[in-house]
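Enquirer: Now for the letters of each chain:
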Amino acid sequence: MKHEMLRDVERVVVTLDVNGERSELLVPVHKTLLEVLREDMQLTGTKHGCELGECGTCTVLVDGKPELSCLLLPIQVERHAITTVEGLAIGAELHPLQQAFAELGAAQCGYCTPGILLSAKSLLESNAQPSRDEIREALAGNLCRCTGYTKILEAIELAAGRMA
Amino acid sequence: MTFEVVGKPLQRVDAVTKVTGRAIYADDMLPARTLHCRILRSPHPHARIVSIDTSAARRLPGVLAVITGADLPIKFGILPVTQDERALEHEKVRYVGDPIAAVAATDEEIAAAACDAISVEYEVLDPVMSIEEALEAPKDERIQDYGGPHNIHKLVALEFGDVEGGFTRADHVREDVFFFQGNTHLPMEQHSAIATYVDGRVTLWSSTQVVHYVHRALSKVLELPMNRIRVIGAAHGGGFGGKTDPFAHEIIVSKLAMLTGRPVKCTLTREEVFYAHRGRHPVLMWVRTGVTRDGLITAMHFRTALDGGAYGSYGVASTFYTGALQTVTYDIPAYRFEGCRVFTNKPPCGPKRGHGTPQPRFALELHLEKIAHDLGIDPVDLKRRNFVKPMTRTVNWLRVTSCGLDECTEKVISASGFARRSRRPGHGMGFAISSYLSGAGTAIYWNDMPHSEVQIKVDRGGVTAYCGAMDIGQGSDSVLATIVAEELGLQPADVRLVTADTDTTPIDLGSYSSRVTFMAGNAAIEAARKMRAMLVEAVAAKQACDVSAIRVRGGHIGEVSFQEASELAEARFGALTTAGSYTPPKIAGPFKGSGVGPSPAYSYSACVVDLDADARTGLVKVNKIWIAHDVGRAINPLLVQGQVEGSVYMGLGEALMEEQAFRKGLHKWPSMLEYKSLTFLDMPEVETFIVETVDPEGPYGAKEAGQGPLLPVPPAVCAAIYDALGVWIDEVPVTPEKIVEALRRKTKGQPARFGPARFPTIPYPSTIKVEPPPKNLDHAAASSI
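Protein chains in written order, with the numbering used here: chain A, 30 to 193; chain B, 29 to 813.
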């Protein structure tokens, strides 16, 4: 028996559409989307760096737009399409962004990478050939401590070129 | 020497794992029945613990164990000379965040509620919050019960050569004072550890840079032999030196797993990470240098005072490092170093990228700039005149083998157009150089064993390399795979790796001091060449030719495929395993303290920063940075570039905004929003030049890349600000208000600078005088001194 039940935690049934698969889950109402993805759905590709909406590491897409999963409750995103890094590849084939990040060394420790890939995907969907400054603007909410950002910018440009 | 895979910009071996989110970091693990651990930490910077009452916490449903210092009384610490930490303190707390009690519960919220239910009675003591306060007699009591006088932790005083004579010979002598503020690593991944206890054995997965040192600390504190403990490095979300100590939470989850028989996990909150710290020491520095009228250095006297925080950590080594590497870039014929580290009631400082050397590098580079201006010599020219030469020994007994300082300088000066720079108002360019170790020449604890070992197994076509090295994102796994592949005629992707697991891999001391490529790389070459010899011998026997006729390349050994060659060799020799190891040469000088500074090789960097600074607002916009780095040989230029760019980024953050500051014992900015770091919008273009000097001892000539390129950035920023506005900012971070204040002083006719006014009086001991070594190194005997 879960002890949180003893403490009268309100639980809700939520239906989440994640990476094209629908799941029905019973979760404490205050548990964040980040926690539900990682702990209840084992989608641990989504990382956490601050859990306060400051670092961008937990970025997922909600209807194609980047959102911070640490600041969302699952009940807010029911009936919306959620994409995590696990949903980026097409079958066994990498998304062009993933391919470019791998080739150019844009992931070092890799911890910020899932969030950055998703922010970049959203950008390229609304602006297929962004300038370097437009990429910087779109990714300003995603911190990375390893790369100095240079290889990430180059990888997004490479992917944009290939997707054109 | 031609290579098949070395020197190629190949994709990392773990690239796909990382871009698909499949790398398993410690906090991603959640085995069945995992208990969550929370740690109760001190709210006071300095206090005695009168009593701890855990009874209410123990009664909460869902709480399975509560432990305090009485359960883990044995002290530990990374350095053998400073075993001053406890996993849980039960007598005294020394900084806000010092751990006191820990809870294992069925979920995180219950664990947090249980921590709230623990009542601790404190006798609050006067906190010591600055270097100056630490030098004075404490109002209540000393922070630690060793060191001294007062709250001094360590004092060092060394003299090499005739310093007084050098100053007498000088045509010009200058003194300056500088301050480098502390800052922290801010890895994207919070520290996390998870332990199990099965069959009387502890297994710990942790986001650590040093599985071996964690292994040792666990054995000591848990009182278990090392063969009953297994430490595994989980996928690593960034360290930069911040995960190089054994940490309380690693010991705590192991103990709680032993008590409960269930997996126990602890992931620090971001705020806890700021308090765990072990980051850059704040260092106050005084330097006095004598030069001839041509700008040649005749003598240097360098003093440092380090604010160490509450515990030893790496601090003794950090103290020596603030005086060690000045001589590795400039030929200083006589050198005196006096260092001091104090304890304060703040989170302990330790190693951050560059460990103890970015601070003196900042001071030294700006000090020489000022001397050049005094003498009317171009600063780049003055520095060049003093560059060390390859194959020499420094006055403080450091062995310089390869040295690409001239070439690095030439690259950045010429590419940036430094000499022809525009003179528009507020625009400036600055130049600085640096050097760093390719691994510390001595281990943390004294021993004669190798620093790195690699085993290779070939099994019917498969190749597996085993090494304790921990890939923290820098790409050490890719380097190992590349080296083994090169020697066996394969591609890196053909080599399976098992790393950073104390049960299955031979020792590597860990990812610190930029040692892995150099040391594990050399061990891998030895192991792989032994394996290649067996494969070649078996194929030569089959082809009935001499072994010298067998070529190893392109997946073939002689005329047969690698697969077939491995089968021939297995038939001939039985199980195919080889091993290699690397022990750095014994090149430390004949004096106490000589263990810090020697490295089998030094990397070199040169940097130019171009910026615009607004005289009204003090705002700085960095336009571009040129960096050249002598890496010896780039085993993978893509990874080297990544390390160089990342170092420049971190150095620029330290120069402009990163700052670990305290108010009333509390961290002022323990969040990623308030602790400023560069975003995509702040980072300028970086143009990187890789310089290859092919070091005689490095693997294929390689040296380090991950730390050295950080060092020249802060002084180059300040030199550029002087170039732009005519004011010296003698401390980092260079915030707009410091620039505005320096300009205000300039207009009032005061010295046009912002920085510390004076260096405190420190009771340094009398200097130990050391005779310098012969200067030139015998080319034929580079490894012996």
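These aren't lab readings, by the way, just hints derived from the structure by calculation.
Any given hint could turn out to be false.
[What the hints assert, rightly or not] Chain A stretches covered by chain B per the calculated footprint, using a threshold of three residues with CB under 8 Å from any CB of chain B:
#1 39-49
#2 88-101
#3 106-116
#4 151-159
#5 165-179
From the three backbone atoms N, C-alpha and C, an ideal C-beta is built for every residue, glycine too.
Enquirer: All hints are to be evaluated individually against the structure, with a verdict given for each.
Expert: Quick rundown of the hints versus the structure:
Counting residues of the segment 39-49 of chain A whose beta-carbon sits less than 8 Å from any beta-carbon of chain B gives 0, not enough to reach three: the coverage restraint is violated. Check on the segment 88-101 of chain A: 0 of its residues sit with their Cβ under 8 Å from a Cβ of chain B, so the three-residue criterion for coverage is violated. Under a criterion of three residues with beta carbons nearer than 8 Å to beta carbons of chain B, the stated coverage of the segment 106-116 of chain A is upheld, 3 such residues being counted. Remark: the segment 151-159 of chain A is not confirmed as covered by chain B, as 0 of its residues place a Cβ nearer than 8 Å to a Cβ of that chain, below the required three.
Counting residues of the segment 165-179 of chain A whose C-beta sits closer than 8 Å to any C-beta of chain B gives 14, which meets the bar of three, so the coverage hint holds.
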